[in-house]
Amino acid sequence: MPAFLQCIEVENFKSYRGKFTIGPLKSFTAVVGPNGSGKSNFMDAISFVMGEKTTALRVKRLSDLIHGASIGHPISKVASVTAVFQMEDESTKRFTRTVQGSSSDYKIDREPVTTQKYLGDLEQIGINVKAKNFLVFQGAVESIAMKNPKELTALFEEISGSGQVKDEYDRLKQEVLKAEEETNFSYLKKRGVVAERKEAKMEKDEAEKYQRLKDELAEKEIEYQLFRLYYNENDVKYYETELTKKKKEVDKIEKKKEQAEETLKEKKKEQGKANRELAKIDQEIREVEAEVNKKRPSFIKSKERTAHLQKKLNTAKKSLAEVKQAAEAHAEDTRLLEEELAEVNRKREEYETSEKDASQSQGRDIQLEETQVQEYHSLKIEAQKRSSQYMQDLDSINREQKAEQDQLDNETRVKTQLESQIRQKGHERDEAQKRVDKLTDHIRASEQSLEEQKKLQLDLQSDVGTSKDRVKELQAELEIVMEQLGDARVDKHEDSRRKKKQEIVENFKRNFPSGVYDRMINMCHPQHKKYNVAVTKVLGKYMEAIVVDTEKTARQCIQYLKENLLDPETFLPLDYIQTKPLKERLRAIKDPKNTKLLYDILNFSPPDIKQAVLFATNNALVCDTPEDAMRAAYEIDGANRYDAVALDGTFYQKSGIMSGGSLDLARKAKRWDEKHMSQLKSQKEKLSDELREAVKKSRKESELNTVESQIRGLETRIRYAKTDKEKTLKQIDELERELRNLEARYEETGPRREKIERSMAERDLRIQEMKERMNSVEDVVFRDFCNKIGMENIRQYEERELRSQQERMKKRMEFENQKNRIVNQLEFEKSKDKKIKDNVTRWETAVKDDEEDLRLARNAEQKQQLELEKEMKQIEDLKAKRLGFKQEADKMDEAIGKARREVGHIAKDIQAAQKAVTSIESKLELKKSDRHSILMHCKMEDISIPMLRGNMEDIGQDSSIMDSSSDASIANSQNLYDRENRITIDYSGLSENLKDIDDDDVKKVGDKLARVISDQSMMLQKIQAPNMKAIEKLELARGKLQVTNEEFENARRKAKKAKQNFERIKKERYDKFVECFDHVSNNIDNIYKSLAKNPSAQAYLASENPEEPYLDGISYNCVAPGKRFQPMSNLSGGEKTIAALALLFAIHSYHPAPFFVLDEIDAALDNTNIGKVASYIHGATSNLQTIVISLKEEFFSHAEALIGICPDAGECLISRVITMDLSQFPQHW
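As numbered in my numbering, residues 65 to 1293 make up the sequence shown, in order.
Check the hints yourself; a few may be wrong.
Said to hold, decoys possible - Once the Cα atoms are required to be at most 27 Å apart in a straight line, the calculated DSS-like pairs of lysine-lysine come out as:
1. Lys616 <-> Lys319
2. Lys502 <-> Lys479
3. Lys1068 <-> Lys284
4. Lys83 <-> Lys563
5. Lys565 <-> Lys626
6. Lys564 <-> Lys654
7. Lys1136 <-> Lys211
8. Lys605 <-> Lys593
9. Lys573 <-> Lys987
10. Lys381 <-> Lys972
11. Lys616 <-> Lys626
12. Lys1236 <-> Lys1153
13. Lys564 <-> Lys616
14. Lys1236 <-> Lys1157
15. Lys1118 <-> Lys1130
Stated by the list, open to error - Cβ pair distances, simulated, as ranges:
16. Lys312 <-> Lys332: 30 to 36 Å
17. Lys312 <-> Lys1067: 50 to 56 Å
18. Glu341 <-> Asp639: 28 to 34 Å
19. Pro670 <-> Lys312: 19 to 25 Å
Treat the hints as calculated values from the structure; they're not laboratory data. Glycine included, every Cβ here is placed at the ideal spot set by N, Cα and C.
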């Protein structure tokens, strides 16, 4: 080895604080340590001292390499790294690189040197800084294996040194190209001068022929002009004769046209009258419809009013029946009370009579004398005196008894009043309940009516709303249809002609119903608009052809056309036409694209016309462009040709004829769009009718307003009725509450009366006892008196009289109470008589009024209905009348159409005749103009025409171009022609052969003579006039040729020299590159086998350009042991690493560096492959010093020395270094 790296000295470099000596280094040294300890900084130190740039050292500035700079606190201003080498002569050489601020210094053996000197000495010991042949960074192994061919070529150029001459190579190559261009330019210039010399020689030869050809040309010009003038005069005479005949024909046809126009004028007058009558009827219909629309809301309103009044009458009748029923019940109650009162009075009278009779029969009326009466009173006074105490007590008791009797009477009266109030309140409750029932029925009927009105409202709203929306929709649709009609509008005469043609087909169908189908254009349609022009071009005359079933039908149709003097038509009999079968293989054409059979892009109906469609299309193809159509017609099948048409109408026929599209073809193609014109027109009429109906419906808004007004009225009535019902229900609740109170009070009177009656009964016992005591006193006082009157005692007299009186009083009181009760109740019932009668009268009046209103409303409704029916009938009559007028108008239209067609035919005849006249006049004028042109040409070209009369001066210049007036121009031309007519040409010099020629051959002979003259003129033009300087020009061309030859030789010598220099540099570059490439290529296979430990492994390099391999790529491929060949990208990570290491070691073997640093190349390797790589490195230690950074024991255990790097505590990373010599330990592998 030329040099051996003994150690690396670092001072304040990155993580190495202070001064360290890393070594001694062995032939196989391993650097180990945990992640982040500074192993990569050791790599950076080696790269730094070997002259690497800052960008490869993972810092932005050189000053960042100083320890502590990463945290902003560098410990020093200087950092340095020294590599100590042992040379072959056992001497030591030190390479030192120092960082000071933002610059670096270089020293060799402690002596400052320049960068170039520093790098040059490194290259002398085998270290190439640019090629980096001394180290492999972490992660770079696999990227080396994955380099593309161009990148490998660049790597080989750096290793071989051939890249150093690349610039010189490119410069010399450009010089060669430039010299070749100059040589070519000189050569072309030389050829131009030779051509110029040749041209000068030809000019000399042509001058000799010029005069001879000029003389011959003059003779032939005279002959040719005489020939033209001779036949021109013949044509003029012929056209003058024909013009006279055609003018007579025009006069005759114009008279016939005047008669046809007069007939058309009369029919137009009749049509105008019919149209005015039709418009008048239409106006009447609109006026009547307007009147109907105006009256319809009133009719609906009357109808609703009638229904409302009917419901009101029914309600009133129901209420009247209920009131009458209540009145009858009231009358019945009154009658019963009156009968009961009469019965009470009768019973009282009977009682009084019976009492009187009983008193007389029993003799109870004892008549006392006056003295006896006085005695009785005196004795009574005496008795009273004796029993005064008793009397006082009895009076006191009687007063109490009387008071309680009054209370009992009061309670009885209260009971009677309560019974009357209960009946009255019950009657009021029943009346209120009846009103509630009536209101319920009224609300139900009103709600039903409201529901009907709302339903009618919804219907009207739907009609009005949808009608308005429908009006907008129909207007929009009508606008679209009108726009389409506007876009597709065709000429009226053309439309009329097509209608006539369609009428012919309809007549055929009527006469031959089962044999005539229709025109082709009506039964076929392209699948897309883009095919319209193409289909029109191919179908041609068959577009209007009529398809029939048999030849017989076609002949019958032709006979019909002849009999009716109609235009000829084309027929396609299905049993007569011969069609070619459809070629299925034409459907599978892939190139050109979008090539289809014309038959496939046509939709036709009915299917029976398939044979006619096949006949018309004839296996034609349709393509997108003319180029595709030409290819489809002539190139897709070498043996056969086909008809092909492009979308623009360009048609290539298999016969070789090509025809292009035209405006007329585009116009005809529009017929496919005009087919639905009739559909658009019928759609327009349908939409117009729907629009009129929708407008009529939208005018029902007044009816809707009437219905809405009635709905609001019904809702108001329902709201008031519900309010009244709620109030009545509240009144019923109040009456119920009052009834409950009255019934409670009525129930309370019973116990009070019973209590009073018990108290009175007890008091009666006391009164009897008191009376007995008084009786004992009276018996003593009245004993004698009683004996006189024949009574046992005075009480017998008094009791009999008093008892009878009391009984009579009690009985009379009962009668009186009954009478009072009945009278009170009767008065109460009679007090309601007026109210009930008024109520009955009111409801009878209401029913009568409602019946009258209903009758009037029905009369009004019937009247309006009759008026509407009358007007509707009037509308129907007017429509029927309008239909009749419309039919008459249609007939007149047909008659006018027929008259117009007649006028049109005559006009066409006139136009054709006038066109013939104009054509003849134009041809005559053209012939005269041709004669003038011929004469002018002879005058201008100085061609001497032989004349019998006149001379060349009679041929005048046409001055019409100077006159802006057309009349003046015509007059000038006529004067000119008249003057030239005086010239008589001498045709004796014209050979008889040229005079006796058929009309068909005149043009051919004239063209032949013209071609001869033209050929001689062309010959003269080529020779042109003799060039008097042709010899001088020839000598000048020879001088230029000599100078150009000298320039060409100089350019050739310069190009040869440039090519020699280029070949020299090319050889130098080639030798350097090939030397390196051959070395690496020869060694890489053995190295790969050694690394893989398998002789079946293969690795090889291949150049894409063997002649100049540095211009193209170099491919690197490996075959892993036991596997087939596959691209490098498909290899596993370990296989890629082994392949990359093989390439690296092979490249390193060419001009090897004194050491090789590898940073964690075993990242993708397993232990087996690591052992193989380590064994290979250990085996190559005699020729190679290797420094490996690794974290895997299988790798660094093979090393001869270990350098351990570990982190130390501090503000930033501080790396510590530990070395160990393993050579003293026995090998373990």
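Hints, verified against the model:
1. Lys616 <-> Lys319: violated (41 Å)
2. Lys502 <-> Lys479: With Cα atoms ~34 Å apart, Lys502 and Lys479 exceed 27 Å; violated.
3. Lys1068 <-> Lys284: Distance ~16 Å between Lys1068 and Lys284 Cα, so the pair holds.
4. Lys83 <-> Lys563: It is violated: about 115 Å lies between the C-alpha atoms, which goes past 27 Å.
5. Lys565 <-> Lys626: Cα-Cα ~15 Å, so holds.
6. Lys564 <-> Lys654: violated (45 Å)
7. Lys1136 <-> Lys211: holds (21 Å)
8. Lys605 <-> Lys593: holds (20 Å)
9. Lys573 <-> Lys987: violated (47 Å)
10. Lys381 <-> Lys972: violated (88 Å)
11. Lys616 <-> Lys626: Roughly 15 Å separates the two Cα atoms, so the pair holds.
12. Lys1236 <-> Lys1153: holds (10 Å)
13. Lys564 <-> Lys616: Distance of about 24 Å is within 27 Å: holds.
14. Lys1236 <-> Lys1157: Holds: Lys1236 and Lys1157 sit about 7 Å apart, inside 27 Å.
15. Lys1118 <-> Lys1130: Cα-Cα ~18 Å, so holds.
16. Lys312 <-> Lys332: 30 to 36 Å: Roughly 31 Å apart at Cβ, these two residues keep to the hinted range, so it holds.
17. Lys312 <-> Lys1067: 50 to 56 Å: Once the Cβ atoms are compared, 30 Å apart, the range 50 to 56 Å for Lys1067 and Lys312 is violated.
18. Glu341 <-> Asp639: 28 to 34 Å: violated (53 Å)
19. Pro670 <-> Lys312: 19 to 25 Å: violated (53 Å)
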